[in-house]
Amino acid sequence: MPHVVLSLIVFLPAAGALAIAFTSKDREDFIKLFSLLITIAVFLLTAWLAIPSTGRGEPSTFVVGQSAMQQVFRIPWIPAFDIYYAMGIDGISFPLVLLTSFLSMLAMAASWNIAKHVKGYCILFLLLETGMLGVFMALDFFLFYVFWEVMLLPMYFLIGVWGGPRREYAAIKFFLFTLVGSVLMLVAMLALYFSSDLSKLTPSQQTAARLQPEELRAIAAARSSSTPRPVHTFNMLALAEMGQMKQSPFDTPLLWGKSVQWWAFVLLLIGFIIKVPSVPVHTWLPDAHVEAPTPISMLLAGVLLKMGGYGIIRFCYPMCPDAAYDLAWLVCALGVVSMVYGALAAMAQKDFKRLVAYSSVSHMGYVLLGMGVWTATAGNAFVSDYWKMGMNGAMFQMIAHGLSSAGMFFMVGVLYDRVHHRDLDNFGGMFARMPLYSGLAVGIFFAALGLPGLCGFIGEVLVVLSVWNYDIALAVVSASVVILTAGYILWTIQRVYLGPEYKGPHPEALTPITRREVAVAAPLLAFAILFGVYPQAVFRYMSPSVDRTVSQLARWTKEVKAPRLAGTDALPAPVAIAGPIEPSASALPVAPSASK
Amino acid sequence: MNFYELIQTVVDDTLGTSLPAFAPELVLCATIVALLLARMMSRARGGWAFGLTLIGSLVALGLAAPWPWGGPVGAAVVVDPQTPTPIFTGMLVFDQFSVYVRSLLLLFSVLFVVLTRISGMPQDEDATEFFVLVLGATLGMCLMAAANHMLIVFLGVEMASVPSYGLAGMLKSRRVSSEAALKFAVFGGATAGVMLYGISLLAGALGSLHLPTMSAQLAEMVYEGMAAERGLVLVLGGLMLAVGLAFKLSAVPFHFWAPDVFEGATAEVGAFLSVASKAAALALLARLSLAFAGVETARVFLTALLVLISAVTCIFGNLAAYGQTNIKRLLAYSTIAHAGYMMMAVAAATALAGTRKVDASWAVAAMTFYIVIYLFMNLGAFAAAAFLRNATGSEEIEDYAGLVRRSPGVVVCFSIILFSLVGLPPLAGFSGKFAVFASLYRADLLGLLVVGVVNTVLSLFYYVRIVRVMVLAPEPVDRPAPSVPLASPAGLYCLMIAVALGVLFVWWAPLDWAQTATAALIPSPALGQH
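Residue numbers (my numbering), protein chains in the order written: chain U, 181 to 776; chain X, 527 to 1056.
Looking at chain U on its own, in the form it has when it is part of the complex (with noise of 0.2 angstroms):
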């Protein structure tokens, strides 16, 4: 049944592009309203899992408080390179399907007034949709990988075909940062599915990883055989597994002295924090978004960073546990960085857009620094509560910001359509001219500068509290971004829409905002505000598989790392260590290098 259910959600946009595909082009209202209405029906469908489950019987929607993977489904696809068609949802995944299938359903309604080809719009638009959707919910790295890029063709015509006046340049930089990032990704994958074999799995974590009957006895087979062969695989829970083991066949050496699972966990953090993005890679984001059209960058500011983020949490941290320890420093460097970098850089900005852009340079940091604080060896103890609090901070600032930042693009685009600039000095007197949608859009600004009771908030707080445990150093700096993120907004604020009077081009254009608008902007700005009053309408769903991710971590940094880090600190005298712990744990990460 889940197979049905998640390749539904999966592949509904893309079947609704091969029907319009059908379409002729000059019935653009009708292509306009059924693409909305397939975006509608995904979330209707995404929204009907997220009604709890009763629990009796077999669960057919999310059951919250679960924190394992649910709605498992592995089917073969191709057995030379031991690929399974496997979707899944958790606590980490589920919230960003949903806010991905809200975004959509919001961003097709915002692109009513596309007047462009519009049937090729809507066909790369829902093909979009199927890449973002199928990104959260596969299982197997290799399809994984195989979404990841479905998502670049459409947004590189998207921004290309639909974008403003330099958006050739910006389509092909984006285009071209994404690209690298895959094929960094790609050597990733191919080193930890060469790396991995799953006759080293005991048999719980088999159950837990979900091997199907044929490859259990592929199992039997290659530990039967006198010459075992490894058994590769690209399940995403199984590489989990392998990462966290005592002797993961990740620290084989691979090139320069490093370990498999550094070179694995350093190339996917490439790939990721491009598309996060993270300084020193954020480059391609001020110029994507400036010249995508409003609905495409509510999409990418709102959807597409998220995966990055969510990159992090299910591949760098339980695939290379080891690598991610050692450079926990580096991730949170990136975000601190990241974090002061974009606000400062936000408010240099001239044109609206790009400081919105900025801003989300600025606040995807938090994300980045939220996952990069390792504390669970604080002190002597192994306490992985301010981990926890960091990741589950991290986690809704994703959400949160996926809110806000699409809703901010989005009235900068309504502003954009009326007068057709973004000069922030060419603005004000908003209040006067469209109180309604001024209303609206202070709101939401005020949820991304993270005023209390406002979601942007409950991420912050929690990140930068979490932080203070890891690194005094970097709390203080992190704390202080809030302060710039106010500043900028406040500015902007002060620029746009208090002021006397309008002086800028097109004046008369400034008609009050329209209800189609406000059905795009209200539920951005209800839900800004319902997640901030009640975060826990997103962490009941999100917390407990958070919470599980962050307590295998810390039980590997108990039992692995630490002796590790032990034997290599006492190195003359190992045994002196190994006394309680087994013997083997103590041993150097020198590697079953038979593996291969």
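Hints may contain errors.
Said to hold, decoys possible - The calculated lysine to any residue pairs, modelled on SDA-like cross-linking and capped at a C-alpha distance of 25 angstroms, are:
| hint | chain 1 | residue 1 | chain 2 | residue 2 |
| --- | --- | --- | --- | --- |
| 1 | U | Lys-299 | X | Ala-999 |
| 2 | X | Lys-883 | X | Ala-830 |
| 3 | U | Lys-205 | X | Pro-1015 |
| 4 | U | Lys-299 | X | Gly-928 |
| 5 | U | Lys-353 | X | Gly-928 |
| 6 | U | Lys-205 | X | Gly-935 |
| 7 | X | Lys-883 | U | Arg-397 |
| 8 | U | Lys-353 | X | Phe-987 |
| 9 | U | Lys-296 | X | Pro-1000 |
| 10 | U | Lys-299 | U | Leu-332 |
| 11 | U | Lys-299 | X | Pro-1011 |
| 12 | U | Lys-205 | U | Phe-191 |
| 13 | U | Lys-353 | U | Pro-460 |
| 14 | U | Lys-299 | X | Ala-1013 |
| 15 | U | Lys-212 | X | Arg-932 |
| 16 | U | Lys-212 | U | Phe-191 |
| 17 | U | Lys-683 | U | Gln-529 |
None of these hints come from the bench; they were simulated from the model. Every value quoted in this text rests on a predicted model; they were computed, and no experiment measured them.
Add chain X to chain U, keeping to what the hints say.
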């Protein structure tokens, strides 16, 4: 065994095994003869030539392909995939790999003949010559794929090359075309000479032209210790042989003919040269390198050589494609780059051959799988170029500006083909690249893997440039509006290719077949490896 018995054995072998296994080639020969005879009948026109060629190719394909229900020949001769059957007293070898490659070549020839009919090139009066040359070259390529003897290697390469020279010069009235043919012929002649010299050096040093015997002889010589000058002769012979193959593969530094020939010849001929010729050359390359890969010294040498050539070819092809403004020239460099990717898989196979047989056969399978996909991609790209030439009268990329407005269907299909050439999922080009890169990782050729992925990014620019011109650039005002509707033969042909590229992304069975087919190619560790 007396003389009579000897003759009897040869006759039995020829009639019982060799000729049935050789049936597809015989059909091609018969078709060529029929074409020439039909030409003598005054009424036989282009349509006749097309019909005959199509039927001949289809029949040959039917005889060659390993149909699941046990084809007319397949079941009789291929008893066991693990034991290749030498035919014609060991001149050729009939194994699953040759069956696979031959089926691909004949499949291509069917698709190609249909393409030429749709695009209307060659014109009616040239049709017979054109098809005779195409079938003749295909015959040579089938020999290359099954060669088991250096003489056949040379014969096959020449049989494939000489008709190609004629094909390149088919547009008799155009100077560029004649120049291309001449350049091609001179270049081909020179490299063939070098290759023949290399073969003779190898034959002298190893005392045989029969590949398995040569390999065994080499193993024995290495085992017993070899004088340095003997080794030098062998290396020299091997390099000279490589020159001939590099010419067929258009590998750097023997690629110079490719851009000029592709630009001068018609796009259809470009499709033929870039796909069929390259597929056969790759099959031959794999066969030759693997034949000697059982000997460790030879394997190390061959791996280094292949790694070097494939990396350089790939990088050069991609970089040189940047500046091109003519679609055929650009595609010429693109085929050079793709030859590089495919040779990488051969490098991986050679590196793995001595130690890990199964992995090595996966590497050859990756190459074969890439060829299957490349067949559709490149055929599609050249077909689209041909159709657009018919519609716009131009082969300059800038003249494609804004084509999407009038011919959206064809432009979408062409874009799909181009993105598949980049290697983006969900298109088949990615599957091929993935299989090749996986085999590189398996062979621990990490440097080559990095070259491969970096080149994927490099190649993005020039392929996307074509798409950009077609889709993003505005339509020029002063141009007669060309339109290729999707519901025309040309449009449907492009659609067929685009759909095939989607199907081959989801359906990887050809890779599994290739793995079974190539298992027999991998040598067992030879003498002297203990």
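Would you check the hint for Lys-296(U) and Pro-1000(X), treating anything up to 25 angstroms between C-alpha atoms as holding?
13 angstroms, holds
Restraint status (C-alpha distance of Lys-299(U) to Ala-999(X) at most 25 angstroms)
18 angstroms, holds
With a cut-off of 25 angstroms on the C-alpha distance, tell me whether Lys-353(U) and Gly-928(X) pass.
Within the cut-off at roughly 21 angstroms; holds.
Lys-299(U) and Pro-1011(X): Cα distance at most 25 angstroms?
Distance ~17 angstroms between Lys-299(U) and Pro-1011(X) Cα, so the pair holds.
For the pair we were handed, Lys-883(X) and Arg-397(U), check the Cα-Cα distance against 25 angstroms.
23 angstroms, holds
Hinted pair, alpha-carbon criterion (25 angstroms max): Lys-299(U), Ala-1013(X). Please report holds or violated.
19 angstroms, holds
Would you mind confirming whether the straight-line C-alpha gap from Lys-883(X) to Ala-830(X) stays at or under 25 angstroms?
19 angstroms, holds
Are the Cα positions of Lys-299(U) and Leu-332(U) separated by 25 angstroms at most?
Cα-Cα ~19 angstroms, so holds.
Holds or violated: are the alpha carbons of Lys-212(U) and Phe-191(U) at most 25 angstroms from each other?
Distance ~18 angstroms between Lys-212(U) and Phe-191(U) Cα, so the pair holds.
Can you confirm whether the C-alpha distance between Lys-205(U) and Pro-1015(X) stays at or below 25 angstroms?
22 angstroms, holds
Quickly compare the C-alpha distance for Lys-353(U) and Phe-987(X) to 25 angstroms and report which way the hint goes.
At roughly 10 angstroms apart (the allowed maximum being 25 angstroms), Phe-987(X) and Lys-353(U) satisfy the hint.
Please verify whether Lys-683(U) and Gln-529(U) have alpha carbons no more than 25 angstroms apart.
19 angstroms, holds
Checked against the numbered hints given earlier, the structure satisfies every one of them.
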